[in-house]
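Using the sequences provided together with the hints, build the complete structure.
8 protein chains.
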Amino acid sequence: MNKQGLLGLLEEVRAGEISVERAVERLKHWPYEDLGFARVDHHRALRQGRPEVLYGEGKTPGQIVDISRRLMAAGSNVLVTRVDEAKAAAVRSDLPESEHHPLARLLTVKVDEVKADCRGTIAVFCAGTSDVPVAEEARLTIEMMGHPVKTGYDVGVAGLHRLLGERETLEAATVFVVVAGMEGALPSVVGGLVDRPVVAVPTSVGYGTSFGGLAALLGMLNSCAAGVSVVNIDNGFGAGVVAAMINRA
Amino acid sequence: MNKQGLLGLLEEVRAGEISVERAVERLKHWPYEDLGFARVDHHRALRQGRPEVLYGEGKTPGQIVDISRRLMAAGSNVLVTRVDEAKAAAVRSDLPESEHHPLARLLTVKVDEVKADCRGTIAVFCAGTSDVPVAEEARLTIEMMGHPVKTGYDVGVAGLHRLLGERETLEAATVFVVVAGMEGALPSVVGGLVDRPVVAVPTSVGYGTSFGGLAALLGMLNSCAAGVSVVNIDNGFGAGVVAAMINRA
Amino acid sequence: MNKQGLLGLLEEVRAGEISVERAVERLKHWPYEDLGFARVDHHRALRQGRPEVLYGEGKTPGQIVDISRRLMAAGSNVLVTRVDEAKAAAVRSDLPESEHHPLARLLTVKVDEVKADCRGTIAVFCAGTSDVPVAEEARLTIEMMGHPVKTGYDVGVAGLHRLLGERETLEAATVFVVVAGMEGALPSVVGGLVDRPVVAVPTSVGYGTSFGGLAALLGMLNSCAAGVSVVNIDNGFGAGVVAAMINRA
Amino acid sequence: MNKQGLLGLLEEVRAGEISVERAVERLKHWPYEDLGFARVDHHRALRQGRPEVLYGEGKTPGQIVDISRRLMAAGSNVLVTRVDEAKAAAVRSDLPESEHHPLARLLTVKVDEVKADCRGTIAVFCAGTSDVPVAEEARLTIEMMGHPVKTGYDVGVAGLHRLLGERETLEAATVFVVVAGMEGALPSVVGGLVDRPVVAVPTSVGYGTSFGGLAALLGMLNSCAAGVSVVNIDNGFGAGVVAAMINRA
Amino acid sequence: MNKQGLLGLLEEVRAGEISVERAVERLKHWPYEDLGFARVDHHRALRQGRPEVLYGEGKTPGQIVDISRRLMAAGSNVLVTRVDEAKAAAVRSDLPESEHHPLARLLTVKVDEVKADCRGTIAVFCAGTSDVPVAEEARLTIEMMGHPVKTGYDVGVAGLHRLLGERETLEAATVFVVVAGMEGALPSVVGGLVDRPVVAVPTSVGYGTSFGGLAALLGMLNSCAAGVSVVNIDNGFGAGVVAAMINRA
Amino acid sequence: MNKQGLLGLLEEVRAGEISVERAVERLKHWPYEDLGFARVDHHRALRQGRPEVLYGEGKTPGQIVDISRRLMAAGSNVLVTRVDEAKAAAVRSDLPESEHHPLARLLTVKVDEVKADCRGTIAVFCAGTSDVPVAEEARLTIEMMGHPVKTGYDVGVAGLHRLLGERETLEAATVFVVVAGMEGALPSVVGGLVDRPVVAVPTSVGYGTSFGGLAALLGMLNSCAAGVSVVNIDNGFGAGVVAAMINRA
Amino acid sequence: MNKQGLLGLLEEVRAGEISVERAVERLKHWPYEDLGFARVDHHRALRQGRPEVLYGEGKTPGQIVDISRRLMAAGSNVLVTRVDEAKAAAVRSDLPESEHHPLARLLTVKVDEVKADCRGTIAVFCAGTSDVPVAEEARLTIEMMGHPVKTGYDVGVAGLHRLLGERETLEAATVFVVVAGMEGALPSVVGGLVDRPVVAVPTSVGYGTSFGGLAALLGMLNSCAAGVSVVNIDNGFGAGVVAAMINRA
Amino acid sequence: MNKQGLLGLLEEVRAGEISVERAVERLKHWPYEDLGFARVDHHRALRQGRPEVLYGEGKTPGQIVDISRRLMAAGSNVLVTRVDEAKAAAVRSDLPESEHHPLARLLTVKVDEVKADCRGTIAVFCAGTSDVPVAEEARLTIEMMGHPVKTGYDVGVAGLHRLLGERETLEAATVFVVVAGMEGALPSVVGGLVDRPVVAVPTSVGYGTSFGGLAALLGMLNSCAAGVSVVNIDNGFGAGVVAAMINRA
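Residue numbers (my numbering), protein chains in the order written: chain A, 1 to 249; chain B, 1 to 249; chain C, 1 to 249; chain D, 1 to 249; chain E, 1 to 249; chain F, 1 to 249; chain G, 1 to 249; chain H, 1 to 249.
Careful: at least some of the hints might be erroneous.
[As the list claims (entries may be wrong)] In the DSS-like style, the derived pairs of lysine-lysine whose C-alpha atoms are separated by at most 25 Å in a straight line are:
id : chain 1 : residue 1 : chain 2 : residue 2
1  : A       : K59       : D       : K59
2  : D       : K59       : F       : K110
3  : D       : K115      : D       : K150
4  : F       : K115      : F       : K59
5  : G       : K150      : F       : K59
6  : E       : K87       : E       : K59
7  : E       : K110      : E       : K59
8  : B       : K150      : B       : K110
9  : B       : K59       : H       : K150
10 : A       : K115      : A       : K87
11 : C       : K87       : C       : K115
12 : C       : K87       : E       : K59
13 : C       : K115      : B       : K150
14 : G       : K59       : A       : K150
15 : C       : K115      : C       : K59
16 : A       : K110      : A       : K87
17 : D       : K59       : F       : K150
18 : G       : K59       : G       : K87
19 : H       : K87       : B       : K59
20 : F       : K87       : F       : K110
21 : C       : K150      : B       : K87
22 : E       : K87       : H       : K150
23 : G       : K59       : A       : K87
24 : C       : K150      : C       : K110
25 : F       : K59       : G       : K87
26 : G       : K59       : G       : K115
27 : C       : K59       : C       : K110
28 : H       : K87       : H       : K115
29 : H       : K150      : H       : K110
30 : B       : K110      : B       : K87
31 : A       : K59       : A       : K110
32 : A       : K59       : D       : K115
Since the hints were made in silico from the structure, they are not lab data.
Right, dumping it as structure tokens:
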């Protein structure tokens, strides 16, 4: 029952067309049926630019095509995460409007130009070349949400001069997404240089005691720099969403 | 060497009072001596309201008093974390201007009124009454940084109606700090209701398989709601700083 | 707003004393205010016998007394978990109606006789004498919920004859709460002997590789016997609630 | 030696056909030989509907066919868990009476209609579409044990309205099987809405810090909602058995 | 019902003093009542010298005295593990026959001289002086079971000459109990020098990454020397029992 | 330098054919060169029947053939562990005397009949059919060392009657190898029934929280039955060696 | 801006060709642009012999060829780690000057003879034949850095005489790289025999509780021998670099 | 038997005063008795300056005094680790020559001036003030071994300018001991700036996910900077020994 339905019901009550008791009975279940609009500003926000997102892992190409078509029909842009090349090819043969980004393993469809109301530019840094796929997932997510983004890749702490060479981005960005595997020290160093929020993304890059990204994750959670918060290992998409939310004017 | 010194040196070069070679020699070490101002906008930011912060654990009352006095003399407000009642009493007998917040284990000194340039109000939620100390650490940190804050305590997921009763805060806040121990599910639920950044804080509240907050931490890192990022277990201070940074206009 | 309030509002609508628009406005927030009764059958169930429960850890004696008095005034029995002897003494000097069970670390107040509608008797077994406190927590919780309970203590798998000596209970009980530390094998053996639900409780009894109950927990989760489900380490209270829910007619 | 044999032996003793000493010797070993019937009500229960169950992993198609045929000859229904498509095809070419359920990876044979004596309907909920295979394993197990079951899939906590839309099932079911991966928060939320037993199943759905289902498992074990017990990661079968046992009249 | 009772019952059957049916009824429960003697050779073994053992942790002095007196009355020697000095003093004031071994935290009572039928001498080695308490627990357990024992303490792998100086014991012993904390390498080295069983005991000696004995445990389980098996961390008692069982002729 | 060489050297010293100083020089390094015979009774023991053992994993078929031939030439039997079917076929085409045991993944060559001097028969039990490969590895190892062995497979604790049906083996064996995955409870139950050494082998059988055998391992290390010691996960070979060492007269 | 540029700029200042203000502006950013030479002695050190190193994992053959060519053009030797046979073949068809070391998975290009200024010979020991690949990675890294190296392979602690047979290397080497999997005890034993630095490398060799090298790592970190430090699991390259740095005169 | 004894024995052989057979018999055991000198250069090294070291934890003041006196009598300096203030006071009342360093928890006795033959100065850096005790343990150990040492404390990565301000030490030191808790990123940054060995020491400083130093340890083991090796958590002593060994000329 939406607002229109509620108005109608109350009109019936006023008009005596329905008893108060039956109206109570129908209203009793209203919270369940309509809590959707109780999700406060969620849908509105989505309409302002955030694409609909599918988790691609475990979905067949057919499922991805079907759901995407339905979302496109409703005017939504679509972002599908974790789509490898084989699956992307299968999807694209049915959905030629879609674009695949193999490094970031993202599949995107733009039906509408996205233009978010932003506070500034988001920076995406990563420590090594092996961290680039996760950084790209973040970057493309941010772009799909309509925000400007600048990148600085391969600026890990074992060669500080490379990071310090990114002075302009360090000075200008409103939010930082910092991606690193192995010891995961880069977010601490960035967090020590700037005074704006740093969203840290540990990656599973490494071997032995990296334990699939655990070492980097723990390093980031224990960061001695203020302003650093952390998302799941390899979750470039999640970091991109957090950064875009922060950057919304 | 500061900018004044650099100007002076170059004037000497122009005036021929110092050879180019000796000037090169002196400039060679300049990066180390002046990188402080290379920290981009850090100091300026601090001057805009962030208090100087001390990690109180492992420091004696005497050390806390000494460092605080020096910071106060420089016009800074002071925030000391993890100060228990005994230590606070010792500090306060020497530093009566300081105020102790026993629940949050914070000690604060305000020499100057703080007034940050904010985007809105920050919400601090926590799941159970045992999570309140960590939530209070976040709340007071936010206040010390000059941001308005609203709280909703004891709104855990096992009684959804309590959270949903916080509708106004859910609709209005610009950032959410969400504190929870045990299974740590509250940030996911909040993140599903709103479309603004959620800074999740796991607490060590629980027993057995809570493993000192690990269960809550993992729950938050695996949140299926977008917009959630996480800080260290019991790190209310860190979450407060992140939230205030996000909320800065 | 409760059902009475809703009736009143609709009466006003019918009587034209309030405009439909204003009624819509008030009803829009109703789900939040009233979801309590939306918790389906929860409150009703409670009224059928379940006591109100407080987690005693981290609460002061004063807080426990205050909350208990309010609950008692509303006609509820009260169960406070994890109350040690010192705290219990402090509570009892102010609340002489309360009773302390030191082994189970429970504090109880009965204002009303509890009589649940049961399917049969619940069995509580434990492996060793060191597991008795957790087993007692389960037993007393079950009693406070109005269910009959039989116990078989110190019947661990290293002496099978002791367990098999509990034949009558094994044959008769409708649900089993099985408590064990160390290797946690007892629930598997009980689950292999009976065809009714077994609620397994790992305890932190042991040393070295028991890792505070982790060994027992993993043993129970990997049980090769069907019908076994598990609660948190040392959570006798939780197991008691699950067993009573199952046993409700 | 069964009851008949015992009677015969005692008749011989009475008739003096066997000395008391030799009878003692034969009876000394009786417990071992006959403890089977000491399994209290186990066999009887099975005959009331529970199918014989095989763990399919690590068994060849030939072994599965052989054992199934023997069980079918004895009048038992058969349930084989963890059978992938290739193995199922091999089995079905020899055992065309069997049916394969690829999503749930179950293989079933019904020789007899199962009709359990039930208390009500069992609900199976799952959080995301990736959790459906485990939920289906639970659902089919419950059906094979002769119980009615209703499902609510993709009702995770990041979109509360979907769960609350399952109001009828929430109000009516006697037991809940709640399946969730990632942060595993759904059982807590369900447990907070209802007052009947919730059997929680963590799944290995997720990546990074989900650690193969560990995050979900810990979340469920630390649930702040009463009435929640937990089975092994991905153990839909086990949860189905527990739920059916609880639902047996 | 013991053997005598069984004989009596069968005599009654033969004499016609009890019907076959009633005898069947009584015998049906016999396995449960008498499985004790079904524990094969257990009791006989105990009578050959093994003392009755109590786990002292969590038992009051009074409980220890009571149980010990009952065992002593039955002619058993008694071994109580994990008894600290305070508890031992309390026990000994009531039970002056008992002896306390503070290093090993054992309390012993000998009512009877123990003389096991042995194959040879058992060796107990430990790596460092901090491992001596656990080694002593093993040594005294072995003595209480009536076996000869020789010790070699402080013979860790960082000074091989000390271990090799124990040549006579290395050549002569029939079983080895090898106790080590930290990296736990000693059992591997001993296992490489001899061709007889090595029972390895990890200890919780160490700090940091010793993780309470986990490092030593893992080292021992991964021993590249054949013939090494392992018991729980700090379980000198358990190792002593295993060694004595092996050494029994 | 062997004993013969030492005798020769000393003869030269006596005959004055070499100076004392040069003899000292040569003897100074003797410990290193000859410590082999210092390995006490090792070689003698091997000559009594233990085969030479190769760890097959990571070795090529060619390497296995080469080393085996050299050992065979020296009169040794050979046991190669962890050899899969493909590698075994390659080895056997070059070494037709070898025999492959696919279940146990062992490859054996017997050049000599092995006849150990034994104390009795070794029992090998396992809990489920999936544990049989590890149990077979133990059984074949024991046989290769010349000891008699009896097996009892699929006797897990969820069906106690099956284990109790192995009464004769339980009564007669001198040592027990007990293999179990999942919760690993079988060694505790066996250890509670007998009073002889139990060598427990955890297996990686299971899923989810079995964590590759960790659950079973922890269960066994925490066994409340005396006489149980443990080897590495899936280490059937190691358990066989320990059992054979114990069983040597 | 390099030194030459700085000189030029200052000459312009002196000549009055540029104003002091503009010079300050340009120098303000100098630290970032030139911090490279601020890396103290790094580049100089590299020019003394250390090859440029690429982490081969995750790089395509084409990328490896491109980067290598550029480094070779600059006169650098090149060392690419973790290159398997297929990738090596692809690289070598384009870069025939390169050499592949399949066991060590290294690809090397020597454009210049390397001759480091050394203190002595580095020893590389490993415990078992399965550890040889990691040891070879260390050995070749050391050679590429221009240091002499001696190896002692398969000298694990279960056969001490083999290690003690390496007396000459034990006496002579200036640094030790000690590689071991399983229990990782070899570095402790070597560290107890010598008084020079031991760089320990745990390997992932083993199964079950070796947990991919964790057991060996913990053993090495807890070494009771002084002088032992540790690198990541399987990090032969890193250990080689540390040893060469130590060995530099 | 020492060299003198060996000479005497051979003289007897040459003089025919002892038969060759008896000489063989006595020499057979010589390796065990004399392996001490087989520890290659160990004792000599110790005599060159390294103090004798006692692990103070678990030793009584009396034991420490006794052992120290014996070592002092032999002319050795003494270093006792992990001695708290109370124990130190007790020791010093009996051993006034000893000195206590409360921050480092070390107790030292110097009977002889130590003067090692060094290659240069060792640097000890630490990240935060809470890491100072571990850094001091390293510094004092290095001094006791006769090496010059410079310190740079509180130079963590969240304020890079502080570390870069230590330019002179960075340029001059021959070895670096780098101590850090929390995320443990400092060794990576130092290792990226210099080309000499870095001995990294994780500390247990931190809370929550620092897991007692595990986060810092993993960070250091995964360092992307070459030249970094790691010791146990809080093991300042061990790092000091490694650094001094490296610095020995």
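Checking against the hints above, which ones are violated?
1, 2, 4, 10, 11, 13, 15, 21, 22, 26, 28 and 32
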